[in-house]
Amino acid sequence: MEKNKSLVDRLNAVNEYEQQPIPNNKLKGWRSFLGTYAGEHTAGTEFVIGPLFVAHGASAIDLVTGLLFGNILAVLSWAFLTAKIAVKTRVTLYYLLEKIAGKKFTLIYNLVNAGLFCFLAGSMIAVAATAVGIPFDMAMPQLTDVLPNSLGWVVTVFVVGAITTFIAMFGFDQVSKFAMVAAPWMIMIFIAAALAVLPRLGVTEVGSFWSVAESTIWTGVPLEGQSKFGFWHILFFAWFCNMAMHIGMADLSLLRYAKKWQQGFSSATGVFLGHFIAWIASGILYSLFLIESKGSLTFAPGPIAYSAVGVAGAICVVIAGWTTANPTLYRAGLAIQSINPKWKTWKVTLFVGLFTTIAACFPALVMRLLEFVALYGLILMPVGAVIFIDVYLLEKVGLKANYAEFKGLSLNWAVAMTWIITLSFCLLLNLVFGIEIFFLGLPGWFVAVLVYLVASKMNQKK
Amino acid sequence: MKLLLKIISFIGLGLSIVPAILVFGGQMEPDTCKQLMFLGTVLWFLTAPSWMIKRGVAEED
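If you read the sequences in order, they're chains A and B. For the first sequence, the numbering used here assigns the number 1 to the initial residue and increments by one for each residue that follows. For the second sequence, the numbering used here assigns the number 1 to the initial residue and increments by one for each residue that follows.
Just so you know, these hints were derived from the structure itself, not from any lab. Any given hint might turn out to be false.
Simulated pairs of lysine-lysine, PhoX-like, Cα-Cα distance not exceeding 20 Å [said to hold, decoys possible]: (1) 407(A) - 396(A); (2) 177(A) - 6(B); (3) 2(B) - 177(A); (4) 88(A) - 342(A); (5) 407(A) - 103(A); (6) 99(A) - 407(A).
Quick look at which bits of chain B chain A covers, simulated, 3 or more residues with Cβ under 8 Å [what the hints assert, rightly or not]: (7) 18-27; (8) 33-44.
Heads up, the beta-carbon is just placed ideally off N, CA and C, and yes, glycines get one too.
Build out the structure end to end from the sequences listed, making use of the hints.
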């Protein structure tokens, strides 16, 4: 009993400064961000995204150049958009949005946001479960699976979900520490797994890698039923796969702890280790699996990593899943907690963890990850554009920033219209002109900026 | 003590990558590599948290 009480007390004592600027003595140094970003982006998703590029028939040259330029654009977005605003305001996205858009809008946005975070964390829990299930000879999910395929799968997902939720309940510090310890080891395992299987693909010396990469790994030919990915697909995917975090400003919650805005460049550890080396490594592993299994439909990162480097590979899949699911669950908890600040963060995280774990039982979450990740960034992007304009431009053109706070509004219609019109415009581009979801973010951002300026002018004149 | 822990950690990290390089070079069997990598993983997670987390906290303070 005493033990239980002290656990609750400890959880209640977790203060993440959700509703106030971060005090100076709580700011974090480079090491914390380097570790967090490396851990967060060398993650379970990497075991899925790398293979999906192979499935979509990316050629070797398109993959390497697309990833290089896309990742550079992502780092610049983190530093010049998110980190600058985070250091200037020192509050969470949700708190800032409440001042700009009002409580009602923030409530809706938070629910949408939390839902998306839950699904992302859920896919990571599912990826980790494919490794945890290996000793139990669990039936692994197939590329075409939508519903859970066995009781063993559901039980395994619930065990992984419970542990992930428990860690996330202790807040950002615990997550950051865990990611910091795991990150260097994880990237070693990714590289090691790819190196160890190269001889089985016919690469016996460094000089022969590129020719095998072009002819055997990234052949440029998509699997049956998959669309073809070229340079621009890969560039935009690499740039926008974390659009919600940088252009969408979700990482204000994280970067508000930064001592200076330049710490936004620490995202480079995440994208170049996770979204370059790890995607290439996991693509190599999947390519070998396809060849050796003669085109099997099984899609399970755990057994693929286990086959390459044994138990260490399986542990890597579990930990990679955790280091993404943990901060994502934490963010979802913050999103919902901002609806009612009196709710304790740990209780909200517990609820979010349960919802996420139920979602993780559905393998479709993993199999359609590319589309989901792109959609997730796109939905949250217009709000990032609104924040950017509100912080930097509105007062310069004679309009009032933080308008909802200034007027005591519960709903700033300029923001609501911006969100609705931007997403409608993107949907139109997709349905009428057939533009793929990966390319909608860029035109959408400019539309959001334009609509918010015009709508603010009309709204504030009234 | 701290130095010893660090040395063990880096040996663990080395065991997580060097055997795979040797497999690539044809100088080690994949099964040996798998065992050594598991050993490296155990060493890393047994020793690294003690000095990495303490150092992180100290730097933040």
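To see whether the hints hold, each was checked on the structure:
1. Taking the CA atoms of residue 407(A) and residue 396(A), the gap is about 19 Å. The hint holds against a cut of 20 Å.
2. As the CA atoms of residue 177(A) and residue 6(B) are separated by approximately 17 Å, the hinted pair is consistent with the 20 Å bound.
3. For the given pair, residue 2(B) sits about 18 Å from residue 177(A) by alpha-carbon distance, which is consistent with the 20 Å threshold.
4. At roughly 26 Å between alpha-carbon atoms, residue 88(A) and residue 342(A) are farther apart than 20 Å, so this suggested pair is violated.
5. Of the pairs offered as hints, the one joining residue 407(A) and residue 103(A) holds, with about 12 Å between alpha carbons and a cut-off of 20 Å not exceeded.
6. Pair hint residue 99(A) plus residue 407(A) holds up; C-alpha atoms about 10 Å apart against a cutoff of 20 Å.
7. With 6 residues having a beta carbon nearer than 8 Å to a beta carbon of chain A, the segment 18-27 of chain B meets the requirement of three or more and the stated coverage holds.
8. Only residues whose beta carbon comes within less than 8 Å of a beta carbon in chain A count, and the segment 33-44 of chain B has 8; three or more means the coverage holds.
In this structure, the one hint that does not hold is number 4.
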